[in-house]
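Whole structure, please, built from the sequences with the hints as guidance.
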Amino acid sequence: MEAAIEAILFAMGDSVDLSQIAKAIEQDTNTTEKLIHNLMDRCRGEERGIQIIELEQSYQMCTRKEYYEYLVRIAMQPKKPVLTDVMLETLSIIAYKQPVTKAEIEKIRGVKCDHAVNKLVEYNLVRELGRLDAPGRPILFGTTEEFLRSFGVQGLEELPVLDPVQLEDFKAEAEEEIQLRLDV
Numbered sequence: 001m002e003a004a005i006e007a008i009l010f011a012m013g014d015s016v017d018l019s020q021i022a023k024a025i026e027q028d029t030n031t032t033e034k035l036i037h038n039l040m041d042r043c044r045g046e047e048r049g050i051q052i053i054e055l056e057q058s059y060q061m062c063t064r065k066e067y068y069e070y071l072v073r074i075a076m077q078p079k080k081p082v083l084t085d086v087m088l089e090t091l092s093i094i095a096y097k098q099p100v101t102k103a104e105i106e107k108i109r110g111v112k113c114d115h116a117v118n119k120l121v122e123y124n125l126v127r128e129l130g131r132l133d134a135p136g137r138p139i140l141f142g143t144t145e146e147f148l149r150s151f152g153v154q155g156l157e158e159l160p161v162l163d164p165v166q167l168e169d170f171k172a173e174a175e176e177e178i179q180l181r182l183d184v
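First residue of the sequence shown: 1, per our numbering; consecutive thereafter.
Think of the hints as simulated: they come from the structure by calculation, not from any bench.
Because the structure is a prediction, the values reported are computed rather than measured.
Positions of the beta carbon are idealized from the N, C-alpha and C atoms, including for glycine.
There could be a bad hint or two in this list.
What the hints assert, rightly or not - Computed cross-link-like contacts, DSS-like style, restricted to lysine-lysine with a CA-CA straight-line distance of at most 30 Å: (1) LYS112 / LYS80; (2) LYS119 / LYS80; (3) LYS65 / LYS34; (4) LYS171 / LYS119; (5) LYS79 / LYS119; (6) LYS97 / LYS119.
Claimed, not checked - Restraint-style ranges between C-beta atoms, simulated for each label pair: (7) LYS79 / LYS171: 52 to 60 Å; (8) ILE178 / GLY130: 25 to 33 Å; (9) LYS79 / HIS37: 51 to 59 Å; (10) LEU55 / ASP169: 54 to 62 Å; (11) TYR67 / LYS34: 23 to 31 Å; (12) LEU83 / GLU54: 16 to 24 Å; (13) ASP14 / VAL86: 26 to 34 Å; (14) GLU145 / GLU54: 48 to 56 Å; (15) ALA174 / GLN60: 45 to 53 Å.
Take a look at the structure:
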């Protein structure tokens with residue numbers, strides 16, 4: 001039963017009411033409370049990195065304050081950026097069409113791209129190249145050296161070229177999709 005309680009507290013992350021835990025493990029609240037306190041004592045006695053704390057008839061699993069400095073160190077390490085499908089699609093448009101404005105990207109994608117472009121700039125894969133000499137002076141975007149390094153190419157000329165037949169298939173699919181949207 002203690003293992004079940006430990007799993008519940010770990011999975012929930014936040015505090016869980018005693019009555020909810022009791023119901024989940026199919027025990028009365030007195031028995032559940034004793035099991036939780038046994039588990040709390042074991043965590044303390046074994047000098048583990050976690051502890052269970054009590055908060056007004058609720059319990060929560062959390063890290064022990066003695067290990068705070070280690071948590072700070074791990075949290076401060078840079079995370080490798082993860083590119084979503086939307087970001088990859090936006091990045092490929094920028095790579096092949098640069099210099100390009102957000103409006104041009106949105107025209108191709110058919111949806112807003114602010115978040116994707118901002119994330120790509122944050123990840124240093126895309127940068128501002130300047131401004132278009134047009135009303136509103138929109139920002140022009142292009143790829144960075146980090147983009148080339150990340151994708152293992154020395155220059156933009158090494159990017160894969162689409163097969164003309166495949167390109168026509170893509171265009172036909174896009175036109176069909178647009179027509180379906182217009183019909184709705």
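Worksheet item: Against which earlier hints does the structure fall short, listed by number upward?
Response: 7, 9 and 12
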